[in-house]
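Chemist: Okay, here's what each chain looks like letter by letter:
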Amino acid sequence: MKTPTEWYLVVSAVLFTIGTVGVLVRRNALVIFMSIELQLNAVNLSLVAFSRQWGNLVGQALAFFSMTVAAAEVVVGLAIIVALYRKRGTANVDDASLLRW
Amino acid sequence: MATLAVASAIAMLFMRNAVHSALMLIVNFFCIAVFFLTLGSAFLFVVQIIVYAGAIMVLFLFVIMLLGVDRQEDLHERIPGQRWIAILLGVGLVAEVVAAVRLGLGLSTGHAARLEALNRGGNVRALAAVLFNQYFFPFEVTSILLIVAAVGVVLLGRRQAGDVAGTRPTAAGATAGRPRGAGGATGAGLEPGGDLEPVP
Chain A
1337 MKTPTEWYLV
1347 VSAVLFTIGT
1357 VGVLVRRNAL
1367 VIFMSIELQL
1377 NAVNLSLVAF
1387 SRQWGNLVGQ
1397 ALAFFSMTVA
1407 AAEVVVGLAI
1417 IVALYRKRGT
1427 ANVDDASLLR
1437 W
Chain B
-4 MATLAVASAI
6 AMLFMRNAVH
16 SALMLIVNFF
26 CIAVFFLTLG
36 SAFLFVVQII
46 VYAGAIMVLF
56 LFVIMLLGVD
66 RQEDLHERIP
76 GQRWIAILLG
86 VGLVAEVVAA
96 VRLGLGLSTG
106 HAARLEALNR
116 GGNVRALAAV
126 LFNQYFFPFE
136 VTSILLIVAA
146 VGVVLLGRRQ
156 AGDVAGTRPT
166 AAGATAGRPR
176 GAGGATGAGL
186 EPGGDLEPVP
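Taken in order, these protein sequences are the chains called A and B.
Residue numbers for the first sequence, in the working numbering: 1337 to 1437.
Residue numbers for the second sequence, in the working numbering: -4 to 195.
Some clues are possibly wrong.
Listed below are the simulated SDA-like cross-link pairs for lysine to any residue, each with C-alpha atoms no more than 25 Å apart in a straight line [as the list claims (entries may be wrong)]:
{"#": "1", "chain 1": "A", "residue 1": "1423", "chain 2": "A", "residue 2": "1409"}
{"#": "2", "chain 1": "A", "residue 1": "1338", "chain 2": "B", "residue 2": "112"}
{"#": "3", "chain 1": "A", "residue 1": "1423", "chain 2": "B", "residue 2": "154"}
{"#": "4", "chain 1": "A", "residue 1": "1423", "chain 2": "B", "residue 2": "63"}
{"#": "5", "chain 1": "A", "residue 1": "1338", "chain 2": "B", "residue 2": "93"}
{"#": "6", "chain 1": "A", "residue 1": "1423", "chain 2": "B", "residue 2": "53"}
{"#": "7", "chain 1": "A", "residue 1": "1338", "chain 2": "B", "residue 2": "84"}
{"#": "8", "chain 1": "A", "residue 1": "1423", "chain 2": "B", "residue 2": "149"}
{"#": "9", "chain 1": "A", "residue 1": "1423", "chain 2": "A", "residue 2": "1413"}
{"#": "10", "chain 1": "A", "residue 1": "1338", "chain 2": "B", "residue 2": "95"}
{"#": "11", "chain 1": "A", "residue 1": "1338", "chain 2": "B", "residue 2": "99"}
{"#": "12", "chain 1": "A", "residue 1": "1338", "chain 2": "B", "residue 2": "117"}
{"#": "13", "chain 1": "A", "residue 1": "1338", "chain 2": "B", "residue 2": "119"}
{"#": "14", "chain 1": "A", "residue 1": "1423", "chain 2": "B", "residue 2": "57"}
{"#": "15", "chain 1": "A", "residue 1": "1338", "chain 2": "B", "residue 2": "25"}
{"#": "16", "chain 1": "A", "residue 1": "1338", "chain 2": "B", "residue 2": "89"}
{"#": "17", "chain 1": "A", "residue 1": "1423", "chain 2": "B", "residue 2": "151"}
{"#": "18", "chain 1": "A", "residue 1": "1338", "chain 2": "B", "residue 2": "100"}
Stretch-level coverage of chain A by chain B, calculated; a stretch enters the list once three of its residues show a Cβ under 8 Å from a Cβ in chain B [unchecked claim]:
{"#": "19", "stretch": "1352 to 1366"}
{"#": "20", "stretch": "1400 to 1406"}
Simulated from the structure, these hints should not be mistaken for laboratory data.
Computed from a predicted structure; not experimentally measured.
Glycine is no exception: its CB is placed at the ideal position from the N, C-alpha and C atoms.
With the hints as constraints, model all of the structure from the sequences given.
Modeler: Have a look at this one:
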């Protein structure tokens, strides 16, 4: 008995939403970044679920590419956070308000 | 498994300490890896554990330790009621997506048998056939992306004039961002070995 695709999509949606709420609620730049990772993983999960739904491997290939891009994105983002911390002495996103009007 | 995944994600959200958040996220990544396995994607299962739970989270923990663990998060809200609005919007988003999935798909496993037939010679082999025939050019583009990211990180991590000097003594260990930090870690790991060598 296989689990229906719908359950995977629901779990994926819940995880994505938790990530979204995390981005909106938390103030620490690192935790916000982790929430973004959670969102990316949720989308990967739904991609693989759809890959099984349609019976081809294109979804898995796309999930693989998105993992690669996520790895690059994490490296660059963490470097930006470290640079921000060196400049400002804080990892709080509210203090990085240079571009606000 | 799904409850564990959702519970660890929620725990990640509510942990005050960034290190605890990271550990909860690792639990969550393992859950997602198991989902990949049950979906018939053994390759992504392994990649998820090695790349996400391994490399990326080690990088996260490294940066958390670098920036200081004991810093309390400032929970003061700039926008009044932001937290409740966010949670309300989240509940709305879940309801919307679940309704969309229910209407559009319903309970079905689709063409799971066809995927099993594709995976007969091994999931890695089948995925490689797709990746290196159909998507060869995007594959090469991602390699360029990774190189550009590595170069950009070295550039970003370089110490510039005008930094906050002396805020933390550990900041000196991170003079060149990731590559230098990794080198420092291996150097620290090698030192005890050097001490042990003269004993016999």
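Chemist: Next step is simple, just say for each hint if it's right about the structure.
Modeler: Comparing the hints with the structure gives:
{"no.": "1", "hint": "1423/A - 1409/A", "verdict": "21 Å, holds"}
{"no.": "2", "hint": "1338/A - 112/B", "verdict": "15 Å, holds"}
{"no.": "3", "hint": "1423/A - 154/B", "verdict": "10 Å, holds"}
{"no.": "4", "hint": "1423/A - 63/B", "verdict": "15 Å, holds"}
{"no.": "5", "hint": "1338/A - 93/B", "verdict": "20 Å, holds"}
{"no.": "6", "hint": "1423/A - 53/B", "verdict": "24 Å, holds"}
{"no.": "7", "hint": "1338/A - 84/B", "verdict": "32 Å, violated"}
{"no.": "8", "hint": "1423/A - 149/B", "verdict": "17 Å, holds"}
{"no.": "9", "hint": "1423/A - 1413/A", "verdict": "15 Å, holds"}
{"no.": "10", "hint": "1338/A - 95/B", "verdict": "22 Å, holds"}
{"no.": "11", "hint": "1338/A - 99/B", "verdict": "19 Å, holds"}
{"no.": "12", "hint": "1338/A - 117/B", "verdict": "19 Å, holds"}
{"no.": "13", "hint": "1338/A - 119/B", "verdict": "21 Å, holds"}
{"no.": "14", "hint": "1423/A - 57/B", "verdict": "19 Å, holds"}
{"no.": "15", "hint": "1338/A - 25/B", "verdict": "20 Å, holds"}
{"no.": "16", "hint": "1338/A - 89/B", "verdict": "24 Å, holds"}
{"no.": "17", "hint": "1423/A - 151/B", "verdict": "12 Å, holds"}
{"no.": "18", "hint": "1338/A - 100/B", "verdict": "16 Å, holds"}
{"no.": "19", "hint": "1352 to 1366", "verdict": "holds (count 13)"}
{"no.": "20", "hint": "1400 to 1406", "verdict": "holds (count 6)"}
Comparing the model with each earlier hint shows a violation of hint 7 alone; every other hint is respected.
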